[in-house]
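Here the protein sequences come in this chain order: A and B. Residues in the first sequence are numbered from 1 upward in steps of one, following our numbering. Residues in the second sequence are numbered from 1 upward in steps of one, following our numbering.
Derived by calculation from the structure, the hints in this document are not laboratory data. All figures in this text were calculated on a predicted structure; none of them were measured in a lab. One or more of the hints may lead you astray.
[What the hints assert, rightly or not] So these bits of chain A aren't anywhere near chain B, every CB distance computed over 12 Å: (1) K144; (2) V146; (3) D175; (4) S186; (5) E216; (6) L224; (7) Q256; (8) V317; (9) E390; (10) A391; (11) H430; (12) Q449; (13) A454; (14) L458; (15) E459.
[As the list claims (entries may be wrong)] Below, simulated DSS-like cross-link-like pairs (lysine-lysine); rule was C-alpha separation at most 25 Å, straight line: (16) A:K279 x A:K161; (17) A:K144 x A:K455; (18) A:K144 x A:K351; (19) A:K8 x B:K9; (20) A:K455 x A:K439; (21) A:K8 x B:K132; (22) A:K161 x A:K439; (23) A:K335 x A:K212; (24) B:K261 x B:K132; (25) B:K132 x A:K457; (26) A:K335 x A:K194; (27) A:K194 x A:K212; (28) A:K144 x B:K265; (29) A:K439 x A:K144; (30) B:K265 x A:K348; (31) B:K261 x A:K144; (32) A:K348 x A:K161; (33) B:K265 x A:K455; (34) B:K261 x A:K457; (35) B:K261 x A:K455; (36) A:K144 x A:K348; (37) A:K279 x A:K212.
The beta-carbon is built from N, C-alpha and C at its ideal position, and this holds for glycine as well.
Listed below, chain by chain, are the residues.
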Amino acid sequence: MQKPRILKALSLLAAFALTLVLLAACSGGNNDPEGNGAGTNGAQSAGGDGAKGSGGGAKSGGGAGGKTEQVTVKFANFSGSGDPAPLLEQMRETFEAQNPDVKVEIETIGFGDYFTQMQTRVASGTAPDAYELNYENFVSYAKKGVLLDLQPMFEAAGFDKSVLYEQALDAFQADGVQYGMPASFSNVVLIYNKDLFDQAQTSYPTIEWTWKEMNEAAVSIRALGDDIFGISQGVQFFEFFKAAQQNGGSLLNEDQTAFTINTPENVETLQYMVDRIQKSNVMPTEAQMSGIGDWDLFKAGRLGMILTGVWAFPDFVQNVEFPWDIAVEPGNVQKATHFFSNGLVINKDSKVAEAAYRWIAFMSASKEAAQIRVDGNWELPAVTYPDVLEAYLAITPPDNRQAVFDSLEYLVTPPVIEQFAEMNDTLTLHLAAAAQGAKTPQQALDDAQQELTAKIKLE
Amino acid sequence: MTGTMKWSKRLTIFLFLLPSCAGLLVFSIIPIFYSFVISLTDWNGLNAWDAAAGVPAFRGMGNYAEILSGAEFWRVLRNTFYYIVLYIPLILIFSIAAAVLLNNAFRGMGVYRVLFFIPVLTSWVAGSLIWKWLLSAEYGPVNELLSFVGIQGPAWLQDPTWAMPGIVMASIWKDMGFFSLIMLGGLQGINPNYYEAAQIDGASFWRRFTAITLPLLSPVLFFVMIICVINSFQLFPQVMIMTTDAGPFGATQAMVERIYKYAFKYYKMGYASSFSWILFVIIFVFTVVQFRLQKKWVHYDG
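Let the sequences and hints guide you as you build the complete structure.
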């Protein structure tokens, strides 16, 4: 009789133990805010353990403020993953030296997982104090009211807006409210292969060029060989929205209340883009590309001109063996150029908003951070400091680096609407149908107009 | 003792079950019901719920109506059926053939079985990237092979008609090992006496296959069919990786791909949840129909 009772007691004990383990595992995340912070500090926090470590994040950062003078700012980003990681670390060190009362905890997440993670964390109230957003997602976040209005911060700190490019700063407004600061930006320029221009006995692109000259050059380069192409420009949302403006068109009416996708100007624009593929074939079809990218085509010396961003420079400097240079992108009735920018924002519920602001202002607008970017060839800072820009211009190739700044005079920004990503994908789908010749440009844009009007809410 | 278990024993049982039940409850059952609630709202997946402020707004069956009345849903459904029509017959044929081959007693058969199973263990990401290259129009080995027999291969993944067959090829390569292993199990469960008797009667290989192997394998075939149909409706990683952004103007858009995009890219969690419930209903209906039909062709004796 003795034995079974002991066994019973034992099994009850075992069950309790199991349950306790479970409970302990569940609450583990919140037990040590202090130790947590020290453990994951620094650039190594990229990847899994960094993410877990700050699960109970935003709150513990605020709590630490009472104990010591130092506050901890949690900062999440994606563009510091890979090569730029040491540069971001360098920025952090410089910032902390200048601001001894602030400790920045950097968490770097790969682009692929970044937005799913941020979405979950914002929804559950555990978003980091400051974080990075690309333009598409910035609009969605800003319109949903989860970001902090930076204007009061600007005023309190006496921030001089003129150190930043106006268009780059304005891009991070929604409904007239400044919700973000540009971390970096990259604009799109015309990059060309000098060798192919020489072989085709065509003169190099200049700032005076329009679609006409660009097309003529493309045709003569295409004539050089069966597998040599004149130009490559994606037939997708960003390129189309910009080209439409070059042709005097636009995607939305002036007060942004209705789509104007299938206007004659826009149809003409798409016709021009499609003809280059289907008719003159100066631009390769999807089949001719057969899965390789246009950068590779350019690097292989088989492409005369490519419209792409300045983020191609590090790659081209390293891997292009022929002489190449850049020019401001040609327009048609007017010039229009486009840029991509990643913004820095502050979580609306952050308890250390002031310190978080100092950190993003440092990353965005300080001379030190800009210099680190330029020296490390990490995109382009959105700043106007002449000596920093001087240093940027001094780097060759390309010789005509000035074109990067000349392009800024013609910047246009995409429409700021809440369902930006959805609009982008939907329009791209229809543009691709036209690019492949499955639909006429008129038909494709009519369909796009109809679908966008049905799906996208415009206020 | 019947019905009146001691409280301590009940407690023990309860506590032992608790760890796994808690996981099931927290990570499956609650989210399932929660997703249904979300599907009735316009929640964007970012804002905290605040009933007083009307966030998110209640839409009733609005999301469902919107999905079912839009062209996109039907296009995606058509894509999925295109996939199923190609995938199911091919995977059945290939995995039975592989199973019959692997059922022989050759020397080193273990090695062959492992070889067939390797794709199953490969991650979809790696597999998709390999297939992307295999199917490249100009540099891909598949078109290279076709050119030997004088066929100019299509630009597989860039062509709206051929993108889905390209995806199907990759899926068959990936899944064949798994299903042939299951079929192999079925084959080895067939009593060899039947084959002996048939051989004595002078039945041909084909006759033995259709009169003995297929009927006796039918329970396994049934299981494989069910799994295949469910998997087909859940088509996702190969589409995301092989055809970036769901292919030439949406030719490879699939249900799960849409759900993912709506939930995490377009910030329409309510809409995405409705989409998943519609997907659930479709899979449920197909499975019930298959169970009904099994009486006509599945033999549970042998």
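Structure-based check of all given hints:
At the 12 Å boundary, the C-beta of K144 (chain A) falls inside the reach of chain B, the nearest C-beta of that chain being 5 Å off. A Cβ of chain B approaches the Cβ of V146 (chain A) within 12 Å, the least distance being about 6 Å, so the stated non-interface status is violated. Annotated as non-interface, D175 (chain A) keeps its C-beta farther than 12 Å from every C-beta of chain B; the closest such distance is 16 Å. For S186 (chain A), the requirement that its beta carbon stay farther than 12 Å from each beta carbon of chain B is met, with the minimum near 21 Å.
Residue-level check passed: E216 (chain A) sits 28 Å from the nearest beta carbon of chain B, beyond 12 Å. With a cut of 12 Å on Cβ distances, L224 (chain A) stays outside the contact zone with chain B, its closest approach being about 19 Å. Residue placement check: Q256 (chain A) keeps its beta carbon more than 12 Å from all beta carbons of chain B (closest about 19 Å). The claim that V317 (chain A) is not at the interface with chain B holds, since no C-beta of that chain comes within 12 Å of its own (minimum 26 Å).
The beta carbon of E390 (chain A) sits about 39 Å from the closest Cβ of chain B, which is more than 12 Å, so the claim that it is off the interface holds. Interface exclusion of A391 (chain A) from chain B stands, the closest Cβ pair being 37 Å apart, more than 12 Å. The beta carbon of H430 (chain A) is not kept farther than 12 Å from every beta carbon of chain B, the shortest such distance being approximately 7 Å. For Q449 (chain A), the condition that its CB be more than 12 Å from all CB atoms of chain B holds, with the nearest at approximately 14 Å.
Annotated as non-interface, A454 (chain A) brings its C-beta within 12 Å of a C-beta of chain B; the closest such distance is 8 Å. No Cβ of chain B comes within 12 Å of the Cβ of L458 (chain A); the nearest lies about 15 Å off, and the non-interface call holds. Every beta carbon of chain B lies more than 12 Å from that of E459 (chain A), the smallest distance being close to 15 Å; the non-interface claim holds. The straight-line distance between the Cα atoms of K279 (chain A) and K161 (chain A) is roughly 48 Å, outside the 25 Å bound, and the hint therefore fails.
Of the pairs offered as hints, the one joining K144 (chain A) and K455 (chain A) holds, with about 18 Å between alpha carbons and a cut-off of 25 Å not exceeded. Simply put, K144 (chain A) and K351 (chain A) have alpha-carbon atoms about 20 Å apart, close enough for the 25 Å limit, and the pair holds. A hinted pair counts as satisfied when its Cα atoms are at most 25 Å apart, and K8 (chain A) with K9 (chain B) qualifies at roughly 8 Å. A distance of roughly 21 Å separates the Cα atoms of K455 (chain A) and K439 (chain A); the hinted pair therefore holds under the 25 Å criterion.
For a cut-off of 25 Å, the pair hint linking K8 (chain A) to K132 (chain B) is broken: about 59 Å separates their Cα positions. Between K161 (chain A) and K439 (chain A), the direct Cα distance comes to roughly 47 Å. Violation of the 25 Å bound is thereby established for this hinted pair. As the CA atoms of K335 (chain A) and K212 (chain A) are separated by approximately 13 Å, the hinted pair is consistent with the 25 Å bound. Simply put, K261 (chain B) and K132 (chain B) have alpha-carbon atoms about 22 Å apart, close enough for the 25 Å limit, and the pair holds.
Between the alpha carbons of K132 (chain B) and K457 (chain A) the distance comes to roughly 37 Å, so the proposed pair goes past 25 Å and is violated. Our distance criterion of 25 Å between C-alpha atoms is met by K335 (chain A) and K194 (chain A), whose separation comes to about 23 Å. About 19 Å separates the Cα atoms of K194 (chain A) and K212 (chain A), which keeps this hinted pair within 25 Å; it holds. Taking the CA atoms of K144 (chain A) and K265 (chain B), the gap is about 14 Å. The hint holds against a cut of 25 Å.
For the given pair, K439 (chain A) sits about 36 Å from K144 (chain A) by alpha-carbon distance, which is inconsistent with the 25 Å threshold. In summary, the hint linking K265 (chain B) to K348 (chain A) is supported, as the alpha carbons are separated by about 21 Å, within the 25 Å threshold. Pair hint K261 (chain B) plus K144 (chain A) holds up; C-alpha atoms about 18 Å apart against a cutoff of 25 Å. Taken as a hint, the K348 (chain A) and K161 (chain A) pair is honoured in the structure, with Cα atoms around 22 Å apart against an allowance of 25 Å.
For the given pair, K265 (chain B) sits about 15 Å from K455 (chain A) by alpha-carbon distance, which is consistent with the 25 Å threshold. Of the pairs offered as hints, the one joining K261 (chain B) and K457 (chain A) holds, with about 18 Å between alpha carbons and a cut-off of 25 Å not exceeded. About 14 Å separates the Cα atoms of K261 (chain B) and K455 (chain A), which keeps this hinted pair within 25 Å; it holds. Among the hinted pairs, K144 (chain A) with K348 (chain A) is consistent with the structure: their alpha-carbon atoms are about 11 Å apart, no more than 25 Å.
Restraint check for K279 (chain A) and K212 (chain A): satisfied, since their Cα atoms lie roughly 16 Å apart, inside the 25 Å limit.
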